Structures are given as C-alpha cells and as structure tokens.
Amino acid sequence: MLTSADLGTLLLTFKVASIATALMLLFGTPLAWWLARTRSAWKGIINAIVALPLVLPPTVLGFYLLVLMGPAGVIGKFTSWLGLGTLPFTFSGLVVASVLYSMPFVVQPLQAAFTTIGEQPLEAAATLRASPLDTFFSVVVPLVKPGFLTAAILGFTHTVGEFGVVLMVGGNIPDKTRVVSVQIYNHVEALEYSEAHGLAGSLLLFSFTILLVLYTVLKTQPVAHQLK
Amino acid sequence: MTQPITARFQLDYGAFQLAVDLCLPGSGVTVLFGHSGSGKTTLLRCIAGLQRAPQGFLEINGCCWQDNERDIFLPTHKRALGYVFQEANLFPHLTVAGNLQFGLKRIAKPSGAADLPHILELMGIDHLLKRKPDCLSGGERQRVAIARALTLNPEVLLMDEPLASLDFKRKQEILPFLSRLHRELNIPVLYVTHSQQEVAQLADHLVILAEGRALASGPLSETQSRLDVPLAQDRDAATVWPATIASHEDDYHLTHVAFTGGTLSLPMVDAEIGKPLRVQIYARDVSIVLEAPAATSILNVLPGIITGLADDHGGRTVVRLQVGNQALLAHITQKSALLLNLQIGMEVYVQIKGTSILN
Numbered sequence: 000m001l002t003s004a005d006l007g008t009l010l011l012t013f014k015v016a017s018i019a020t021a022l023m024l025l026f027g028t029p030l031a032w033w034l035a036r037t038r039s040a041w042k043g044i045i046n047a048i049v050a051l052p053l054v055l056p057p058t059v060l061g062f063y064l065l066v067l068m069g070p071a072g073v074i075g076k077f078t079s080w081l082g083l084g085t086l087p088f089t090f091s092g093l094v095v096a097s098v099l100y101s102m103p104f105v106v107q108p109l110q111a112a113f114t115t116i117g118e119q120p121l122e123a124a125a126t127l128r129a130s131p132l133d134t135f136f137s138v139v140v141p142l143v144k145p146g147f148l149t150a151a152i153l154g155f156t157h158t159v160g161e162f163g164v165v166l167m168v169g170g171n172i173p174d175k176t177r178v179v180s181v182q183i184y185n186h187v188e189a190l191e192y193s194e195a196h197g198l199a200g201s202l203l204l205f206s207f208t209i210l211l212v213l214y215t216v217l218k219t220q221p222v223a224h225q226l227k
Numbered sequence: 000m001t002q003p004i005t006a007r008f009q010l011d012y013g014a015f016q017l018a019v020d021l022c023l024p025g026s027g028v029t030v031l032f033g034h035s036g037s038g039k040t041t042l043l044r045c046i047a048g049l050q051r052a053p054q055g056f057l058e059i060n061g062c063c064w065q066d067n068e069r070d071i072f073l074p075t076h077k078r079a080l081g082y083v084f085q086e087a088n089l090f091p092h093l094t095v096a097g098n099l100q101f102g103l104k105r106i107a108k109p110s111g112a113a114d115l116p117h118i119l120e121l122m123g124i125d126h127l128l129k130r131k132p133d134c135l136s137g138g139e140r141q142r143v144a145i146a147r148a149l150t151l152n153p154e155v156l157l158m159d160e161p162l163a164s165l166d167f168k169r170k171q172e173i174l175p176f177l178s179r180l181h182r183e184l185n186i187p188v189l190y191v192t193h194s195q196q197e198v199a200q201l202a203d204h205l206v207i208l209a210e211g212r213a214l215a216s217g218p219l220s221e222t223q224s225r226l227d228v229p230l231a232q233d234r235d236a237a238t239v240w241p242a243t244i245a246s247h248e249d250d251y252h253l254t255h256v257a258f259t260g261g262t263l264s265l266p267m268v269d270a271e272i273g274k275p276l277r278v279q280i281y282a283r284d285v286s287i288v289l290e291a292p293a294a295t296s297i298l299n300v301l302p303g304i305i306t307g308l309a310d311d312h313g314g315r316t317v318v319r320l321q322v323g324n325q326a327l328l329a330h331i332t333q334k335s336a337l338l339l340n341l342q343i344g345m346e347v348y349v350q351i352k353g354t355s356i357l358n
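Here the protein sequences come in this chain order: A and B.
For the first sequence, counting from 1, position 27 maps to 26 in numbering that gives the first Met the number 0; every step adds exactly one.
For the second sequence, counting from 1, position 117 maps to 116 in numbering that gives the first Met the number 0; every step adds exactly one.
There may be inaccurate statements among the hints.
Below, a sample of chain A positions facing chain B; criterion: calculated Cβ distance under 8 angstroms [said to hold, decoys possible]: (1) 120; (2) 122; (3) 123; (4) 127; (5) 129; (6) 130; (7) 138.
Calculated directly from the structure, the hints in this document are not laboratory data.
Owing to the predicted nature of the structure, the values given are computational and were not obtained by experimental measurement.
No residue lacks a Cβ here, since even glycine has one placed at the ideal position from N, Cα and C.
The shape of chain A in the complex, shown without the other chains (with noise of 0.2 angstroms):
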C-alpha cells in the first residue's frame, strides 16, 4: 500500500524529529530549568519567544527562517563564514527549523515539572553534600521524569506533524527535505487518495498510540495540564 517514495518520507521524517528531539532535550532542559528557578527581570521576555511558535503561523516562523537562514541573513552569513553553505532547502536547515518551531512543547512541560518538585528536594540534597549538578541528576531527574518523557513525546510528534515550517524552509526534495506531511499534501494535490490515506492512516494511527502509552501505562497528566 505505501510505495518506496512513501516509505522514504516515513523514514526522513522520523530522522528528522528523532535528531530535532535530542537537540531540543539538550538545550531545552538548561532552559527550562534557568526559566523555573530564575527571578531575573529577563525571564519574561525569554519565556514569551519560547512560546511564540505555539501562537505564531508556522508560514511566518518559517519565512523569517528563511530570510535569516538565506544568503542574505544573519544566520546565513554566519553558516557560510564557516564553510557550511547555507542551511535552506537542506536536512540541516529543517532540524534547525524543527527545533526552534517544537521548542516550546519540550519546554514548557519541564518547567512545570521543575517549578513543581520546589525548593526543598534540592536544599536536602545540598545538606548532604550533592553538589548542584550531582543534584540535578540523582534527585531532579528521577522526581521529573515523567515531565521528560512527556517533553519528548510531545516534541518528536510535534516536529513529525509540521508542515508550514517545512514548506516554507526546506521545500519539497525528494530524500532531502520532503517530510510525510508534504507528502500527503502531494497525493491529495495529484488526486492520489488511497495514497494519501496510507500515510494519514498511519501517522494517525502512530499517533493515537503514544497517546495511549502516555496516558494509560505511563499514567502522565494530560498534556493540556501540563502546559498550563
């Protein structure tokens, strides 16, 4: 029922959200952990460009990426100073463009989970000689873990859903950048509906499952809650 073209999108997409789902836990947990415990007068400002991209279009995120990204931009000029070329309509381009539009929904849940465990697991452990970084991965860790796997979770399915962002920075390469919700867009565009339903079937499906492993075995809060 999927053809090889449909397998490669599959494939790509999930490349592309699994690279895009470690950058985000990488830089996204010194974040939301900075965003939980700072009092400065900047936290605002930060916290309101990390939600952005859940209010924003993804076309308008992903046309400033591109005018930044481009030959022109900032981020271009930068990237090809060091000899990289310029990250538009490549795989790179798209990581990067996935990690800044699914940013939030990695951050958020931890900072709720960080603001919650409090003060006080982190004052015990320094009355017993833990330093803070030994702190944060043999007590805050363990206590979050359900926020983590609820961050990942969130993240990975977010960046495999995209598609203005990704239409806008990374076009439609076959093997390159062509992801599998360009993909559908294409089979519906060529009248191509039992196509298109095999790869909305089984996105669909795949989602519905790791909501269900979330919510019953792992019993997590709902989603919703957590980005309060």
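Position chain B relative to chain A; hints supplied.
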C-alpha cells in the same frame, strides 16, 4: 571555656531584619527559642548556607564557613553539617536505605563515615530500610531524616523544628530518641523550636530570639531565669536542673537526686542510681521563707541567695535565686515580697512544692 561556634549575621528583608552575634558551645544541645517571625529558622538557614546573609561571619571548630570581609562563603554541600527539616524532606524516589546511602556515598571516605548500625539502632529504624517514604508514618519519616543527617558524621547537627509537624503522640514517640541522641553522640546540636516543653527536655544551652535579635544566650537554667527576657514572666516559667539519682527510699516511695550544690527528694523514680535526669521546677511551685521552717510538710527546703527581683505590675514579683550552683525562679505576690522585705543579696530558704521529671 572556648566557644567553638561563632555566628554573626546581618540581613535586611525590609519587613524583617536579622542581627545576631553569638558564641555557642561545641557540645550538647543549643536551643534557638523564639516565636514565629523571631528569626530562629532564618538564623539556622544562614548557618547551613541555605540562605546567604550579606553581612556574616561563621566559624565552626576553627573552620571558616562564611566571612564576607575575606569574601568566603562555603556552599551548603561543602559544609560538614547535618540538617533535619521541619518536614522530613526525604527523597520520595528512594527507599529508606537509599535515603541513608545518599549522603554516605558523597562524603570523603577517610574522614570516617558514622557507625550506620549504631544510628539505625539509635533511631529504631532497622525494620524500615526497604520501605519508600510514603509508606512511613510522620514520626518514622522524621526518625529516618535524623538518621540520614547523622550518617554524615557532621561537625554540627542543625534541626529546624523537627517535631513541629507531628501530633502530640508522635512527638512523645520521638522525644526519647532525641534525648538518647543527646546522651550518646558527641555532636553539637543547634535545635530550633517555639515549644517550651522541648526547651525543658532537650536544651543545655538556650538562645532566646525575638524580632531577629538574640535577647539572651547562656546555660539553660541561667537563661531561663533571666529577668530581662519575657520567658521568666511567663505563667509557666520554670527552671530545669540537671541531676543524677543518688538513692532510693523504698519505704516512703521516694528517690533522692543530687544536683550541683544539694539534693532533692522526689516521688519514686524507676531508674538506677547514678542515672542522669532533668528536674523541672515551675516558678509558681516555689515559695520563700526567711528562716528554715521548723515544721513543714514540704520536703524540699533549700538555702538560697536572692540574685534578682522584678515586679510584673500585675501584683506579682518574680524572684531569681541562686541555689547551690543552680539558678531558680520563684513567682510570689508583690505583697509577700514587700512584707518579707526581700532584697538582692538576702539569704533565704526556698520551699519547692512540686517538681517534674523530664526523660
């Protein structure tokens, strides 16, 4: 006598200011006593480094933990202390054993970990090791928390109202463990409380705090009986004397106990001769006579010297006396004080109508 703990802190939160300058003994239990808002917990947190006073100096057994003049501030995890929080604050993701191991794993081995089996026995928690904190009662949780702090073999044990979140029954369950700790371990303890009962039961040294200042600091009975702090005026004002059991008089169901400077007769105490105990004497149970009474039903009549007098402007006079080496408080009526013409320096006799034994 050298004072191994020196603590000077100043901080200003606008509505609340802390300004203390204390020298505290390096052994026994020092109770930091005060009402809520007196700054006792803030002081303890400054000593632990959980809070940073902008102006501060702290030295424990010759180790400097904070000195803003030399720009020294040791972070909490580098201070050789044990801390017991008001809520036990155990790690919920670890078992009791895991909680006890947490600190043990992190201390430098040569400095010597504490004797874990002894601590388990002392706190009576051997049978709880495999449980998670949410399967423990409040009292058990707090005992594990105390044991966890002791595993580090700390230079000083800091306890922030460890009994405040427990009900009366649980308090009674833990107090004997604290008394044992006090007798069997040679670690100085700084103990924060607002309970006079805990002061009487545990303190060797007493610091009275109010509005961020230390009103008094000194040995227990001396500080309890100071006329310039509100404690002596309290309706339940009392002095606590350390004593040891001297002899039993079985025929009359009496026990004689010795304190520095004399003996007291108490209703029979079921304990061996030589065992230490604390005797609490309420100021309202003490009366004063000018000469040794020839015939009285009161057994405990002791000579003493008046060292202080204060009227409370409510018809009552608070008398401070020296009996042997111990300070004693008596609450009498202002009229009696006038009729007896009591003066500082007078030699009198005190009649002690009742006593209570602590631990």
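Hints and how they fare:
{"no.": "1", "hint": "120", "in the structure": "6 angstroms, holds"}
{"no.": "2", "hint": "122", "in the structure": "6 angstroms, holds"}
{"no.": "3", "hint": "123", "in the structure": "4 angstroms, holds"}
{"no.": "4", "hint": "127", "in the structure": "4 angstroms, holds"}
{"no.": "5", "hint": "129", "in the structure": "6 angstroms, holds"}
{"no.": "6", "hint": "130", "in the structure": "5 angstroms, holds"}
{"no.": "7", "hint": "138", "in the structure": "6 angstroms, holds"}
In terms of the numbered hints stated before, the structure departs from none.
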